[in-house]
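> Quick note, the sequences are listed as chains V and E, same order.
According to the numbering used here, the first sequence is numbered sequentially starting from 1.
According to the numbering used here, the second sequence is numbered sequentially starting from 1001.
No lab work stands behind these hints, which were simulated from the structure alone.
Beta carbons: idealized from backbone N, C-alpha and C, even for Gly.
Just so you know, not all the hints are guaranteed correct.
As the list claims (entries may be wrong) - Straight-line distance between alpha carbons at most 27 Å, and here's what the computed DSSO-like set of lysine-lysine pairs gives: (1) V:K199 x E:K1200; (2) E:K1214 x V:K236; (3) V:K144 x E:K1214.
As the list claims (entries may be wrong) - Between beta-carbon pairs, the in silico distance windows are: (4) E:S1212 x V:K80: 17 to 23 Å; (5) E:P1068 x V:R17: 56 to 62 Å; (6) V:T193 x E:R1215: 14 to 20 Å; (7) V:K2 x E:L1203: 40 to 46 Å; (8) V:D50 x E:S1204: 54 to 60 Å; (9) E:S1191 x V:E218: 24 to 30 Å; (10) E:E1141 x V:K39: 55 to 61 Å; (11) V:N179 x E:E1141: 26 to 32 Å; (12) E:E1175 x V:R17: 36 to 42 Å; (13) E:N1181 x V:E47: 26 to 32 Å.
There are 2 protein chains.
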Amino acid sequence: MKIGFIGFGKVARNLVRLINSENITFLTSAQNRSENTIKNMEESDVEILDTFKEVATLSDILISANSPNQALDVAVKYGKYSKGIYMDLNNISPKETLEINKHVNNFVDGAIIGKIDSANPILYLSGKNLESLDFLNDFLEIRKISENPGDASKLKLLRSMYTKSLSAVLIESSEVAKNLNLEEEFFDILSLTEGEDFKKSALSRINNTKNSKKRKAEELEQIIDYFENQDLTMVKASFKKLNR
Amino acid sequence: MKIGFIGFGKVARNLVRLINSENITFLTSAQNRSENTIKNMEESDVEILDTFKEVATLSDILISANSPNQALDVAVKYGKYSKGIYMDLNNISPKETLEINKHVNNFVDGAIIGKIDSANPILYLSGKNLESLDFLNDFLEIRKISENPGDASKLKLLRSMYTKSLSAVLIESSEVAKNLNLEEEFFDILSLTEGEDFKKSALSRINNTKNSKKRKAEELEQIIDYFENQDLTMVKASFKKLNR
Ligand SMILES: NC(=O)c1ccc[n+]([C@@H]2O[C@H](COP(=O)([O-])OP(=O)(O)OC[C@H]3O[C@@H](n4cnc5c(N)ncnc54)[C@H](OP(=O)(O)O)[C@@H]3O)[C@@H](O)[C@H]2O)c1
Ligand SMILES: NC(=O)c1ccc[n+]([C@@H]2O[C@H](COP(=O)([O-])OP(=O)(O)OC[C@H]3O[C@@H](n4cnc5c(N)ncnc54)[C@H](OP(=O)(O)O)[C@@H]3O)[C@@H](O)[C@H]2O)c1
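Bound-form chain V, shown alone (with noise of 0.2 Å):
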């Protein structure tokens, strides 16, 4: 079997690590490429071939895996050579994921949760025929979600939704805290019903939020647009909030 890598980043590279198999060969491209990148692949376990579209006319699997502003160029240019499954790992919307669907055939969309270079990163699946990819279970936990397309991303946002509120909330609690001179024992008196390691995981979500207000504002203004429809009293405070 053959497995085919658009874009040969940390997500290709570590999952080249995971899916360590005689029987799976991964390819790639160098086509404008830069110098790092292919340094990365040549480290890498896999064979490099002249053209993407070389690539996406041997591989079993195709994957996409370059960056949230090519996702959908990518699928356009190669989508059509590829007669397996197109698996898009992008973190873009359930909108774009919709529209790719639209340039490729077998698309599954695919969300990656935990850390792509731990041991054990999960891999949320969602689109038709799933069951082919079974084997991927040997190498890395795969959980499939359904057979639409764009489940997957529509899932990243939902929980992207509630770590992005929570750390809203967070915030501002804190802060009130510090206000009144009481924010040691704030974090103390939560402890002893949220967990022993709430303080530092408030912290670190605070402080994460805060390095990177104007991403997370941004991040919560694409959930407001993309659920229009559904009441989203809290995002919008913690849009709201994070433009503090």
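With chain V fixed as given, assemble chain E with the ligands onto it according to the hints.
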């Protein structure tokens, strides 16, 4: 040493159970009390005096644990007779706490965290001369916050600000997930990063909040009222959410 109770319900009964020492006598009164409360007294190891005035006069520590809407009245009526410490354990606002402080000597403001009928509730205290309460540590966990009466109830509000906003976030995101037919997966994906019992604890928060929406909304209103000079974007959104 004598510890007196004004109010002999769940809190008083459990404190008598926990603070178990030959050197301590508990006092209360049946004055105007219900059958149920009198039964409670008779089943506990407590001396029943004729009037609360006597209880207040004789106690080294007088504990007010009756009802949020009785707390101030009780302080005004009996505070003047108490020469020792006057400890208020009612769930009242920081404003009411400071009001009570005007009517009693040696005021201590307490917040019970965790279930009072469990083996290990924790008692947060603020006020002057807290060291005279150190002996309580032999019977239940005591945490001293500061010398300022009112800090214990502020801390309670801060805690409630966080937990209620979190519940509003959980209600919103799980409802969007449900509408997208991804509720199971939503809980599943979050359990990976938020801890194994995420689903159980999330559902319990959601149900709890939905079953007492009106009361929770009122509590949020008190928080908004009390912290009026702070940025309460998320709390206000939670209030709006619960009022839907
Ligand atoms: N890292 C994660 O844990 C993670 C998790 C979930 C999802 N994702 C998503 O997966 C995608 C890849 O992430 P990554 O961390 O692997 O990124 P990365 O390390 O930055 O690598 C991106 C790779 O894509 C290549 N590329 C960019 N545009 C291309 C194009 N038009 N044609 C062919 N190759 C192209 C880059 O090559 P050049 O260097 O030559 O430009 C590079 O090799 C992103 O969309 C990201 O959002 C990442
Ligand atoms: N339960 C908890 O885990 C907990 C935790 C933290 C704080 N609190 C607070 O502690 C207080 C007591 O809670 P609880 O659970 O013990 O309540 P409870 O079980 O309902 O008992 C209240 C007791 O106060 C008595 N009482 C009411 N008004 C009184 C008055 N004016 N004078 C004298 N006694 C009076 C009641 O007697 P009658 O039956 O005769 O009216 C009853 O014995 C409340 O303010 C509550 O908010 C409770």
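> Are the hints correct? Go through all of them and say.
A quick look at each hint next to the structure:
no. : hint                         : result
1   : V:K199 x E:K1200             : holds (21 Å)
2   : E:K1214 x V:K236             : holds (23 Å)
3   : V:K144 x E:K1214             : violated (39 Å)
4   : E:S1212 x V:K80: 17 to 23 Å  : violated (57 Å)
5   : E:P1068 x V:R17: 56 to 62 Å  : holds (60 Å)
6   : V:T193 x E:R1215: 14 to 20 Å : holds (19 Å)
7   : V:K2 x E:L1203: 40 to 46 Å   : holds (44 Å)
8   : V:D50 x E:S1204: 54 to 60 Å  : holds (58 Å)
9   : E:S1191 x V:E218: 24 to 30 Å : holds (27 Å)
10  : E:E1141 x V:K39: 55 to 61 Å  : holds (57 Å)
11  : V:N179 x E:E1141: 26 to 32 Å : holds (27 Å)
12  : E:E1175 x V:R17: 36 to 42 Å  : holds (39 Å)
13  : E:N1181 x V:E47: 26 to 32 Å  : violated (40 Å)
The structure fails hints 3, 4, 13 (numbered hints given earlier, in ascending order).
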